[in-house]
Amino acid sequence: MTNDTTLTRLRAANPVAEASTIDDEALFERIVALPTQSARRRPRRNRRMLVLVAATFVAAVAASTAYALTHWVFPDVVHAPVSRAEYKRAQTILELPPGYTWPAIDFRADTVMVRGGGGSMAVSIDQSAWECYWAGAIQRGDAAAATHAHAALDDLMRNRISIAPQGAPENWGPTNATFPWLVYADDGGYQYKQRIYAEAAAGKPAGLEQSCRANGP
Amino acid sequence: MTETTDEARFRRVFSHFGAVSAYAARRGSRDPDGVAAEVMTIAWRRLQAVPADDPLPWLYGTARNVVYAEARSRRRSAPGETSTAPAPEVRSLDPELDRALRALRDPDREALLLVAWEDLTPTQAAAALGITPTAFRVRLYRARRRLRATLASSQPAPMPQLDVEGT
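Chains as they are written, first to last, in my numbering: chain A, 1 to 217; chain B, 1 to 167.
Think of the hints as simulated: they come from the structure by calculation, not from any bench. Note that the structure is predicted; figures quoted are calculated from it, not measured. Incorrect hints may appear among the rest.
Quick look at which bits of chain B chain A covers, simulated, 3 or more residues with Cβ under 8 Å [said to hold, decoys possible]: (1) 17 to 28; (2) 37 to 46; (3) 142 to 151.
Beta-carbon label-pair distances, calculated as ranges [what the hints assert, rightly or not]: (4) B/105 / A/92: 15 to 25 Å; (5) B/133 / A/33: 30 to 40 Å; (6) B/152 / A/108: 49 to 59 Å; (7) A/108 / B/153: 51 to 61 Å.
Where is the CB? At the ideal position from N, CA and C, for every residue including glycine.
Isolated chain B (complex conformation):
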């Protein structure tokens, strides 16, 4: 059976399924493959909006919203629950780094993780966050400085509940 142009294009997008699933797992999703499947469904439905040359930032941006929606839904069903059990394949972070990351504002944390864990370039990460590359570089610089300062301090950082930024 021959694929349509759209299907051929979507197959290239779909090849990033594993990367999207890993992203969801790194952000604490309990069902990373489910998140990736939902992101792919959205990508297919809005294929014209997905950049053909580099779909990964778009996919991460969408995955971020889906993971947040999952977290919101979880909090609604279990209002008292503040900690999240990650997917089983996820290695736990060292407590000091975990604390320091949680102490960051959500946009700062996401800027750092897109570069450090998702290995995106600043331009790609800016696209994932919907901001300009210049704004992203400023955000990344500040985030690194804040993380470094928190890690350097001997006092344990506060552990606010992960904040959900609007879609």
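Just chain A, same shape as in the assembly:
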């Protein structure tokens, strides 16, 4: 099947005929010094995220008998198909770091979330992924990847993440935000992220690494 003249000609034109061998023990050591996925703690959601708190709260009242009441009290709650579609749509808008994939999220049939919540989950996952990618880039001394990650996180913080005003209800959402968006409670979480990003850019990635370990994929 693979011995026709077309493939023979293509094989002969291989622009890099042989793979070089590498014996870079230093690179090997740097890589294995990084945490593996299995060595990390089980991923958990960032507790500061107002949207997910709201989602949990709303999910608690999602028994079928409470359906009508839920819609009456929270007119902006949506069910699993909407959240699932939001999560999917957000994946077409947001960019993950190289090598990362979107995790499958099981939006159970009885799930209810605030409108936009599926997109907010995607922003949160994207943010954590870029943090881990950045931490890895710093560890292996890849300046280009680090710059890329820093720019991606800056973009998220500037254009996708906002802070709920003090005293805002739990299902508060930004009025003119571009989908997808994520809301932080006004409890210093946003400023904490800004600080660890600034420290990482200045060569002190400890906070970034901790955030990756706590929230990363």
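Position chain B against the provided structure of chain A, taking the given hints into account.
What follows is chain B alone, placed relative to chain A:
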């Protein structure tokens, strides 16, 4: 110092560094060793997802995404740029073959190159692309037919910008 089980396993994966770097160079990366280093970092981080018996298809599949990300990043920083200067160690293709390859759809081109340049078996190449061996054989058959037809035609094929397939 004794290595952990994970480290010993990763050392076998790491032995493919040169092959991954060559793959990146063949796909037009300007920094093939950088791509290989990134792929190895991802492999270490997700070691449990890397097939222990034959990691190469997984590594090529990941390298493909990293090379595409590099190309996307390059296009963002230089939007008008359509041609890519390969790494210095890369021999240039003969123009006719280059044109014919560029005229192929990205999945077809990748199917051909995994077999012809990376020397993978159809089963390995299917694993690298995340499709079934049967689907791969069909794709390879069609790709060969299209490449042959393009090479046979006397008219120069159009040169679309290399398309980036989703990850």
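Consistency of the hints with the structure:
no., hint, result
1, 17 to 28, "holds (count 7)"
2, 37 to 46, "holds (count 9)"
3, 142 to 151, "holds (count 4)"
4, B/105 / A/92: 15 to 25 Å, "holds (21 Å)"
5, B/133 / A/33: 30 to 40 Å, "holds (37 Å)"
6, B/152 / A/108: 49 to 59 Å, "holds (56 Å)"
7, A/108 / B/153: 51 to 61 Å, "holds (55 Å)"
Violation of the numbered hints given earlier is absent; every hint is satisfied by the structure.
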